[in-house]
Amino acid sequence: MTSTAPQRNEPSRAFDRSEARRARNAGRAMRETVFRIVGLVATILGLVALTALIVDLVISGYPRLTWDFLTNFPSRRASQAGILSAWVGSLLIILVTTSVAVPVGVAAGIYLEEYAPRNRLTDIIEINVSNLAGVPSIIYGLLALGLFVYGLGTGRSIFTAGLTLALLILPIIIVATREAIRSVPSSLREAAVGLGATDWQVTRDHILPAAMPGVLTGVIIGTSRALGETAPLITIGALTFIAFLPTPPIQSTPPFVNMHWLWEGYTVLPIQAFNWISRPGSDFLANAAAASIVLLVITLGLNGVAIWLRARLRRKLKW
Amino acid sequence: MTMTMHGTFKASNGAAAADGGRIFAQLTAPKIVASGVNVFYGEKQALRDVSVEIPNQIVTAFIGPSGCGKSTFLRCINRMNDTIESCRVTGELKIDGRDIYARDVDPVELRSRVGMVFQKPNPFPKSIYDNIAYGPRIHGLSTNRAELDAIVEKSLVKAGLWGEVKERLGDSATGLSGGQQQRLCIARAIAVDPEIILMDEPCSALDPIATARIEELIEELRRTYCIVIVTHSFAQAARVSQQTAFFHLGDLIEVGPTEQVFSAPREAKTQDYITGRFG
Chain A
963 MTSTAPQRNE
973 PSRAFDRSEA
983 RRARNAGRAM
993 RETVFRIVGL
1003 VATILGLVAL
1013 TALIVDLVIS
1023 GYPRLTWDFL
1033 TNFPSRRASQ
1043 AGILSAWVGS
1053 LLIILVTTSV
1063 AVPVGVAAGI
1073 YLEEYAPRNR
1083 LTDIIEINVS
1093 NLAGVPSIIY
1103 GLLALGLFVY
1113 GLGTGRSIFT
1123 AGLTLALLIL
1133 PIIIVATREA
1143 IRSVPSSLRE
1153 AAVGLGATDW
1163 QVTRDHILPA
1173 AMPGVLTGVI
1183 IGTSRALGET
1193 APLITIGALT
1203 FIAFLPTPPI
1213 QSTPPFVNMH
1223 WLWEGYTVLP
1233 IQAFNWISRP
1243 GSDFLANAAA
1253 ASIVLLVITL
1263 GLNGVAIWLR
1273 ARLRRKLKW
Chain B
851 MTMTMHGTFK
861 ASNGAAAADG
871 GRIFAQLTAP
881 KIVASGVNVF
891 YGEKQALRDV
901 SVEIPNQIVT
911 AFIGPSGCGK
921 STFLRCINRM
931 NDTIESCRVT
941 GELKIDGRDI
951 YARDVDPVEL
961 RSRVGMVFQK
971 PNPFPKSIYD
981 NIAYGPRIHG
991 LSTNRAELDA
1001 IVEKSLVKAG
1011 LWGEVKERLG
1021 DSATGLSGGQ
1031 QQRLCIARAI
1041 AVDPEIILMD
1051 EPCSALDPIA
1061 TARIEELIEE
1071 LRRTYCIVIV
1081 THSFAQAARV
1091 SQQTAFFHLG
1101 DLIEVGPTEQ
1111 VFSAPREAKT
1121 QDYITGRFG
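For the protein sequence lines, the chains are A and B, in the order given.
Start counting the first sequence at 963; every next residue gets the next number (the numbering used here).
Start counting the second sequence at 851; every next residue gets the next number (the numbering used here).
Don't read these hints as lab results, they were simulated from the structure.
Virtual Cβ for every residue (Gly too), placed ideally from N, Cα, C.
One or more hints might be untrue.
Computed Cβ-Cβ distance ranges for the label pairs, DEER-style [claimed, not checked]: (1) 985/A to 1118/B: 52 to 62 angstroms; (2) 1266/A to 952/B: 53 to 63 angstroms; (3) 1092/A to 1069/B: 47 to 57 angstroms.
Using the sequences and the hints given, assemble the complete structure.
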């Protein structure tokens, strides 16, 4: 500090330096502006494309969005066709998917981050989990066809579909859980360990609550992806024309809960929409657009719930 | 720098000397005894052959330049180093005559007897009440709410924080000032009813006023606990401790009554450090 200060006051050198600095600053300001414009254009492009897509969907699908459309089964006549079996199927499958993928994924993430020793084996597992998140979904469909449908004989059921999508989103949830755990400050862990908390108490009482918002972000991304998946479900035999609903999960006689629906056939919204798009005639195209809107609303709705939950959890943490 | 250091130190000398006789009468039964402790991080040796006796009911200060191993040694006493995978400890470290690195010692149980306060205040992101109550809860120290309330109050009183927070025990602990947070962390450590309290540079993130309050508190607490404090500042070591250990590059250079280490160090390196020649 004291040795550089007098140099700065030397007249000749100060001039040279400020000249060079001005030139450099001018270049920097230019680059700043250019990047700002590029960024803005990129953002607008993305937004415009998305808006155009949604507006187009709404224009062609909105007239078909009636109560009947939601409560009717599919039909050969476009005007009478509905998506009851599709949206019920989508929701039931997501129920199976999340109730399998979330506990398993979070547990695996906790294990890998908190308990597993750092060695070659865990390195290999880590790389593989990250890679699995990028495997094309049709591969999961083929795996599930061999493993569940033929291997375990679970058939073309909601159960099979739920498990398949659970496999698909498992890596997403594991990676998100690990990232979230890693971002918990180590001082928090030290505080709990220093008080004599066991590994499990540290994880349950401190790490997990602090990591929960991050975990939920992974769940949101995973669920949205699962809701929109078509390819693996076609592979494992989703039906496209279903004129019945699965057995209700609740019944009036003991044991009051009925799990029979797990083993029944199903269709989902993206498959229903895909099926309608492939038919001739603009009537069915309108149906497809309307079904897509419903899918969009369900996805946003589920995300909304998760985001609300996340905000609540963040508030509960009194940082 | 050296002048002010010396001045501060001299002022506290009298107080330290006054009760010096009583303190070292207690030296006969040391609380913590380390003999030949080595610590390795992977291949690197962080601490070499450290042997020291730490008596009960006095404050022992570990001083020395950064990276000298003083914090590493502190973290051996509650086996906090266990959480670092590459860390290996050899030698013998006894508390009340029992080797804490013996196979049958549960580090979790050990840490409930050896509390720790960290460099940066690290309250849990919970209410003030829950911060204090967490330790007693996990160790089952209370059977009902009234008992827990009593523990929380007693701990906060001991840490000199009760008056400031009793009206807002439900508020977030992170909303407190830095000094209050650190006293909360001390209260949290006390709530588990430990015998030893380790403090790892507890004032380095605090302003002078908050530091003074913590130092007063340490003086209060040493009547009940065995306190070991790591500090960068030898003025602080001189003010709060009765015994000082000087570490340098992984070696314990010198240990003795604080007044002696500061006024008549036996080792040249200690002399150099406290007169400001390095560090």
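Going through the hints against the structure:
{"no.": "1", "hint": "985/A to 1118/B: 52 to 62 angstroms", "in the structure": "holds (55 angstroms)"}
{"no.": "2", "hint": "1266/A to 952/B: 53 to 63 angstroms", "in the structure": "holds (55 angstroms)"}
{"no.": "3", "hint": "1092/A to 1069/B: 47 to 57 angstroms", "in the structure": "holds (54 angstroms)"}
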